[in-house]
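A.B. asks: Going down the list, the protein sequences come from chains A and B.
Those letters in the first sequence? Residues 1 to 113, by my numbering.
Those letters in the second sequence? Residues 1 to 110, by my numbering.
For the record, the hints were derived by calculation from the structure and aren't laboratory data.
Quick caveat: nothing in here was measured; it's all calculated off a predicted structure.
A portion of the hints provided could be inaccurate.
Claimed, not checked - In the DSSO-like style, the derived pairs of lysine-lysine whose C-alpha atoms are separated by at most 30 Å in a straight line are: (1) A:K11 x B:K105; (2) A:K53 x A:K70; (3) B:K81 x B:K105; (4) A:K57 x A:K11; (5) A:K57 x B:K81; (6) A:K53 x A:K11.
What the hints assert, rightly or not - Pair by pair, the computed Cβ-Cβ distance ranges are: (7) B:K81 x A:P106: 38 to 48 Å; (8) B:T11 x A:G40: 42 to 52 Å; (9) A:T71 x B:H38: 42 to 52 Å; (10) A:S7 x B:D39: 18 to 28 Å; (11) A:R22 x B:T44: 16 to 26 Å; (12) A:S7 x B:I17: 37 to 47 Å.
For each residue, glycine too, the CB sits at the ideal point set by N, CA and C.
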Amino acid sequence: DAGITQSPRHKVTETGTPVTLRCHQTENHRYMYWYRQDPGHGLRLIHYSYGVKDTDKGEVSDGYSVSRSKTEDFLLTLESATSSQTSVYFCAISPGQGSYEQYFGPGTRLTVT
Amino acid sequence: GQSLEQPSEVTAVEGAIVQINCTYQTSGFYGLSWYQQHDGGAPTFLSYNALDGLEETGRFSSFLSRSDSYGYLLLQELQMKDSASYFCATLSGGYQKVTFGIGTKLQVIP
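Work the whole structure out from these sequences, hints included.
C.D. replies: Below you can see the structure in the form of structure tokens.
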């Protein structure tokens, strides 16, 4: 299995509070992604990164920001959590360079009350 | 923009063959991937097609027709453990942007 971890694995927070989710990889892969998964919507891309300090928005980026200061870490921040951001969040990595597989982390279940 | 369509649910009998279709509209299309996800788990990669035709990996095969913007995943000799959700996903853009379909929940029955 690819070395990818997410923390925390579960979190309950209150509306209006900031939340940061962490994705950590030990594979030295170039590409990193944040998705959210909700019933009836599948996996939707929030933000992705194609290198250190290089990030771009996905289809559901409003209310989220990301940072990647090191190859191995990709942080997702909910600036002011809302109940609509209750979801399961998955991080994924991909090596690029002709390889198109994405390897997913175990996921973080976030509940905003 | 990007959009993918796949059936929401499929039921098939153990030992049988099932085909899950996927149609897409993707600008800057590079290829089509398939992922499997068991309930409560993370998605895992199954296959990738960049060129037209059939790719076979054990009991699973994946097909792509770029001219028809269409692909499918074929599962043979179905086993109970194949009960899961299957997602098609398109790869596009210069930085490997991936867009997923909503997933097809496959139920294998005895």
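A.B. asks: If a hint holds in the structure, say so; if it does not, say that too.
C.D. replies: Here's how the hints hold up against the structure:
no., hint, result
1, A:K11 x B:K105, "holds, 27 Å"
2, A:K53 x A:K70, "holds, 8 Å"
3, B:K81 x B:K105, "holds, 13 Å"
4, A:K57 x A:K11, "holds, 24 Å"
5, A:K57 x B:K81, "violated, 36 Å"
6, A:K53 x A:K11, "holds, 27 Å"
7, B:K81 x A:P106: 38 to 48 Å, "violated, 19 Å"
8, B:T11 x A:G40: 42 to 52 Å, "violated, 19 Å"
9, A:T71 x B:H38: 42 to 52 Å, "violated, 30 Å"
10, A:S7 x B:D39: 18 to 28 Å, "holds, 22 Å"
11, A:R22 x B:T44: 16 to 26 Å, "holds, 22 Å"
12, A:S7 x B:I17: 37 to 47 Å, "holds, 41 Å"
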